[in-house]
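*Asks:* Each chain, letter by letter, is given below.
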Amino acid sequence: MHERVTALELAIKKAREKKEILLMTHIVLGYPNFDDSLRVVEDMVNAGVDLMELQIPFSEPMADGPVILRANAEALKGGATVEKSFEVAERLTREFDIPFLFMTYYNILYCQGINAFVDRCKAIGIQGCIVPDLPPSEGEEYLDAMHAAQLSPVHIFTPNTPESRMRHLSDNSSGMIYCVARKGVTGKDTAFSEDITNYLSLCKSTTELPLAVGFGVKSKEDIDYLRGKVDIAVVGSETIRVMEQDGVGAVKGFIETLVT
Amino acid sequence: MKNSGYYSQFGGAFIPEILVPTFDELESAYLAAREDESFWQEYLDIMSTYSCRATPISRLDNLTEQLGGAAIYVKREDLNHTGAHKANNVMGQGLLTKRMGKKRVIAETGAGQHGVATATMAAKFGFDCTIYMGAHDVARQRPNVFWMEQMGATVVAVTEGSQTLKDAINEAFRDWVSNMDDTHYVLGTACGPHPFPEMVTWFQSIIGTEARAQMLERNGKLPARVYACVGGGSNAMGIFSGFFDDKEVELVGVEAGGRGRGPGQHAARLAYDDATVGVAQGYKTYFLQDRDGQMQDTHSVSAGLDYVGVSPILSYLHESKQVRFEAASDVDVVAAMQKTVRNEGLIPALESSHAFAQAYAEAPSMSPDEDILINMSGRADKDIFTVADAVDDPKWRQFIIDKAKEYSEGMTNA
Ligand SMILES: Cc1ncc(COP(=O)(O)O)c(C=O)c1O
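Sequences listed follow chains A and B, in order. What the first sequence shows, in our numbering, is residues 1 to 260, in sequence order. What the second sequence shows, in our numbering, is residues 1 to 414, in sequence order.
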């Protein structure tokens, strides 16, 4: 066992004792508004979601595709702030007994002050953070603060990542590793096939942390493909798309089709 | 990835993991090119045969006399092929793209000058080319869009965000994270993640190297002040590079003062105190942002200066007081441009006219023994619609009305 086992990792391992694959979903806080964010999370948890990524909106979400990009912009237009995101996140962690992570871009942390941001995460019960524009080489202060608070900084593996760098990223992560299934931004389709199996076994061989797979996961078939290969399937843009097409009320039904 | 590319606290490479190997490859290719003298020789050859290097220095005889004070000289980057300094950076990155064996280039563009320059380079070198341009800029820079498309580039109008330069940069990155294997992103200014600020400065340093030698040769002395407009900062870094070791030369960067101080009114990150340090678009610098770190809208009469961030190297030079920053207002800029056109027959781009406006404001209080040098980063052909509006030219308006009528009646085969 590696030395930095966090609450997030323990929670994932415990949940995995009962389930072959866990489901993590993603929402953009404040999209379409904060009341709907609360309702969607409640529906998702009731439908059986195991963990959640809460994205704090940013005006320049460079790694996100059209769906999440627009959700960020709309949330900001509707008056979403970092303070409101913290407040809603605090309510969520209090009301629902699953691990919550923040996903956001580095400027949000930077402008709050790294230590203040991490302290606040700790205080409100957030278990980890995914910051897609912060490689470990730029994130020393963040990593020190996260490790000191026993929170989980989650880094990303990609199909372009060499094995040696995977080990380096793993050494700087806790809780889990997020493997993106393909190149590109969020919200486009992924063909789950042989290539991915090889890539995932490489990922697995370079880390002891649980593996989550995201980017293009959107159906029960995709999740079935991942079953037995990784610990967590991440559904991101698709739930936003469902919400946009069929309304906030449709999210619960959609999640149920994934977990049955 | 090394933790490199810092200028004091500014710079860095805040990039998505998927691009880390791509940046490693780019940095290696760039460093190898710097080591290889034949690369710079090839670059100089192409700039003197395909573009118009060395560009001359012109003395503004009439305005020097009219304004009194310092003698005014202009470095003529407008005489580059495609009409701006952008060609310097683009041809350099084109040669590097060939070395890396890539077949496709993408670029962002604000004014469209960098887009046109990139499309030109792609046509010459046989690369596929896609240009991202904010929809707002597509609307105000149609002539440049026209030429990019004529040269075979695909122009994508970006409808996200403020629909200007920063949004075009985000979209270019989104393309790159999917297509990095065969695609090079030709970033157009001295911003973005390392090694772009340093690499773009290297290619643009050709301006300063020439200008310093030309001023010495002509006057036997260096200029007292050098003025350059600052969007992302590439033409400024280019001309300033020639004078960093000359303590007696004062370097003045001129930003877009727009309609004056206050959020959303301008794009002055260093001259005004509305900007704060942040991290976006892959690098750390002063950004026009709110307290949460959300980027704010900016305004400038010139699309090329209408940007939230600024070269990290210039943020460093600002803090270390090696460059003085000023802002010129839209109104003063248009006036400076008209003055230059009328008195000297030079047609500076609205971007470049910021440097002219500041120089004209300062020259009269200087000594006639002193020389000043303005970097004329580009020419204004692309700005004809904006300028015609700004000077409210009735004959131009009638021409457009007539032309529109002609088109709508389907009589376009004139
Ligand atoms: C003529 C001209 N000058 C200046 C600029 C500003 O860019 P930079 O600050 O990188 O020189 C532009 C940008 O489009 C331009 O077209």
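Rather than coming from a laboratory, the hints here were simulated on the basis of the structure. Remember, it's a predicted structure, so these values are computed and weren't measured experimentally. Treat each hint with caution, since some may be false.
Below, a list of computed lysine-lysine pairs in the DSBU-like style, where the Cα atoms sit at most 35 Å apart [stated by the list, open to error]: (1) A:LYS204 <-> B:LYS221; (2) A:LYS188 <-> B:LYS339; (3) A:LYS218 <-> B:LYS102; (4) A:LYS204 <-> B:LYS103; (5) B:LYS395 <-> A:LYS188; (6) B:LYS405 <-> A:LYS218; (7) A:LYS183 <-> B:LYS247.
*Asks:* Take the C-alpha atoms of LYS218 of chain A and LYS102 of chain B, compute the straight-line distance between them, and say whether it is at most 35 Å.
*Replies:* holds (33 Å)
*Asks:* Between the alpha carbons of LYS183 of chain A and LYS247 of chain B, is the straight-line distance 35 Å or under?
*Replies:* Roughly 48 Å separates the two Cα atoms, so the pair is violated.
*Asks:* Quick one, are LYS395 of chain B and LYS188 of chain A close enough, alpha carbons at most 35 Å?
*Replies:* violated (50 Å)
*Asks:* CA of LYS188 of chain A to CA of LYS339 of chain B, is that 35 Å or under?
*Replies:* violated (52 Å)
*Asks:* Would the hint linking LYS204 of chain A and LYS221 of chain B be met if the CA-CA limit is 35 Å?
*Replies:* At roughly 66 Å apart (the allowed maximum being 35 Å), LYS221 of chain B and LYS204 of chain A break the hint.
*Asks:* LYS204 of chain A and LYS103 of chain B were given as a pair; does the straight-line alpha-carbon distance stay at or below 35 Å?
*Replies:* Judged against 35 Å, a Cα distance of about 34 Å means the pair holds.
*Asks:* Holds or violated: LYS405 of chain B with LYS218 of chain A, Cα cutoff 35 Å?
*Replies:* violated (51 Å)
Consistency with the previously given hints fails for numbers 1, 2, 5, 6 and 7, ordered from lowest to highest.
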